[in-house]
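Trainee: Given next are the chains, with one letter for each unit.
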Amino acid sequence: MPDTTSTPVIRVHGLVSRFGAQIVHDALDMEVHPNEIFGVVGGSGAGKSVLLRTMLGLRRPDAGTVEMYGENMQHLSRTRRAALVRDYGVTFQNGALISSLTVAQNIQLPLREHYSLPEDTLTELAELNLALVGLPPAAAGKYPAQLSGGMVKRAALARALSLEPKLLFLDEPTSGLDPISAASFDELLLYLHSELRLTVVMITHDLDTLFRTCSRVGVIVDHRMTTDTLNGMLQNQDPWIHEYFHGPRARAAEEVEHG
Amino acid sequence: MNALALDRRGNGWALMLKGDWSLGAMAMIENELKMLTTPIDGALVCDWSQVAAPAIGPVWALLTRLAELNAGGFPVTHIAEPPTLDFLRKLNSERRALHDAGMAPPAEGRPAQFIGSLGRWTYDQGIEARGALDFFGRIVKVLGEAFARPGALRAPSLVRHIYETGITAIPIVSLIAFLISVIVAYLGAQQLSRFGANIFVVDLVTISVLREMGVLLTAIIVAGRSGSAFAAEIGVMQLNEETDALSAMGMNPIEILVVPRILALIIALPLLTVIADAMGLAGGGLLSLVNLHIPLPQFTSRLRESLSSTTFWAGLIKAPVFAVLIGMVGTYRGMQVRESARELGRLTTLAVVQSIFMVILADALFAVLFVQIDF
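Top line first, the protein sequences correspond to chains A and B. Going by our numbering, the first residue of the first sequence is number 1, and it counts up by one from there. Going by our numbering, the first residue of the second sequence is number 1001, and it counts up by one from there.
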């Protein structure tokens, strides 16, 4: 269960993001507590990916602050940032596996960069991470192009887990998957979340995933974020949020979950 | 031993775990685990009470090693174990069952023997040759169809590629032809002036530029510019499944992507060669004027005397042949791209290297042929 009393893992305060005259975020606030699965939703172009890139320190906010584990991401020294990178894992929408490396080499890539470990240890760790995400041992020697969509997402998750982070960012982890693969990815996520005590921030459009996994949801509407539990969101009267959680697709997902 | 200590305890064993069990210490921990060679004959107790928050990796390594040592199947119990231990223990035993069931990746074979690798190389070359022949056949087929259906020639695409491979290459081809010709004339003049034969610089420039250098330099520049562009463009389309999309919509990728590029080169390369020839002669003329004080009228009259009827054509006739070689190699390598970004880079490089090699090889064959038939 999310722990709301201690310091948040991520605190975004008064975030402003602009592209020229176009305003994406205007005084956006967001908090992610330890050990919760936090879903970020919003319409296309609402700035979900911009928010993710800002949280990861890949983009400088035009105003406001982003803190991770209480440290301001904008005022980190290089060494502090390098250390912090070990504390979170990221998966990108299309996997972003390095196409010229095998799955095992992809998993070992951050390990080689941050630790000096001998080959057998690296092999063993690749095997461990494959086991964590439920990929067969034979997947180790395959190249990303030889994997199915679901396996790519799992391999990307294995790479994100390789440094044993406590915080995971997932960008549309189930997009492009068939319902069975998507559902098993949801189960995997819940399983890892409970076993490894991970905090997860997930951008998703998949309502089934949202209803199945997320403990709280943040919706980006009108350049700001509205945060609530799923039940709270279902009561929300904002027209966009109401449409999002009560549209035909949402009803179906909801029925599956509660039915 | 910094991370563990194994002791007798009654009839069984006790494994005391201590110190740093983070991911960074994993190499050391694995080392110590390997040094545990005592067969464990009796119940084993693992005591975690002196390890604060171990990482998953080292715990996994310990579980794997214990499974190897504890083949006799004596019970293993844990005291003050980390919260992830149960989960990992289950995962580890499932995983070993998988490996035992032969799901493990096949072990790497022995390094290939010489005969074996020679055989494999020959086989690969055979496959490659068949692929290239097949590719050539498809191109010829499209060209054959074009007689019945001129639309197959894709005029808009053809014009675009003539612009990209021809018109945009004019500045660089002109500059290089001019400079190389100046260099040849300059070095030639150094030698010839010792015999008072300055005027023969004109012959040297004319014949070398028109017969060889104009067309060869142009072909090499075009191979570098357009051969690589062809391979990269078509290669990226392969990676994005664009060529599959074309095929699925009933369009022939050879007709749409390959033939216009090759035809464009066949048209553009001779024209570029004419420009390179003109710039080369201009460079020779300029150097003769400035360095050797041969006035322009004298240069042109000497130029006319040194030309035979075939000098110009002996160069130009090679251009379409070079164009076919460059175009075919570039597009063929592009069509071969599969799966990864590295393939794209490898095949683009290969396209440039091979097309330059083929051009020079063809040029050598032409040289022998022209001498034999006295062209």
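Careful: at least some of the hints might be erroneous.
No more than 30 Å apart at the CA atoms, straight line, and that leaves these computed lysine-lysine pairs for DSSO-like [as the list claims (entries may be wrong)]:
{"no.": "1", "chain 1": "B", "residue 1": "K1090", "chain 2": "A", "residue 2": "K166"}
{"no.": "2", "chain 1": "B", "residue 1": "K1034", "chain 2": "B", "residue 2": "K1090"}
{"no.": "3", "chain 1": "A", "residue 1": "K166", "chain 2": "B", "residue 2": "K1018"}
{"no.": "4", "chain 1": "B", "residue 1": "K1018", "chain 2": "B", "residue 2": "K1034"}
{"no.": "5", "chain 1": "A", "residue 1": "K142", "chain 2": "B", "residue 2": "K1090"}
{"no.": "6", "chain 1": "B", "residue 1": "K1034", "chain 2": "B", "residue 2": "K1141"}
{"no.": "7", "chain 1": "A", "residue 1": "K142", "chain 2": "A", "residue 2": "K166"}
{"no.": "8", "chain 1": "B", "residue 1": "K1018", "chain 2": "A", "residue 2": "K142"}
Everything labelled a hint here was simulated from the structure, so no lab data went into it.
Trainee: Does each hint fit the structure? Answer for all of them.
Mentor: Verification of the hints:
The straight-line distance between the Cα atoms of K1090/B and K166/A is roughly 21 Å, inside the 30 Å bound, and the hint therefore holds. Pair hint K1034/B plus K1090/B holds up; C-alpha atoms about 22 Å apart against a cutoff of 30 Å. Between K166/A and K1018/B, the direct Cα distance comes to roughly 23 Å. Compliance with the 30 Å bound is thereby established for this hinted pair. Of the pairs offered as hints, the one joining K1018/B and K1034/B holds, with about 17 Å between alpha carbons and a cut-off of 30 Å not exceeded.
For the hint pairing K142/A with K1090/B, the CA-to-CA distance comes to about 26 Å; that is within 30 Å, so the pair holds. Of the supplied pair hints, the one linking K1034/B and K1141/B is violated, its CA atoms being roughly 65 Å apart against a limit of 30 Å. Pair hint K142/A plus K166/A holds up; C-alpha atoms about 28 Å apart against a cutoff of 30 Å. In summary, the hint linking K1018/B to K142/A is not supported, as the alpha carbons are separated by about 37 Å, beyond the 30 Å threshold.
Hints 6 and 8 from the earlier list are contradicted by this structure; the remaining hints agree with it.
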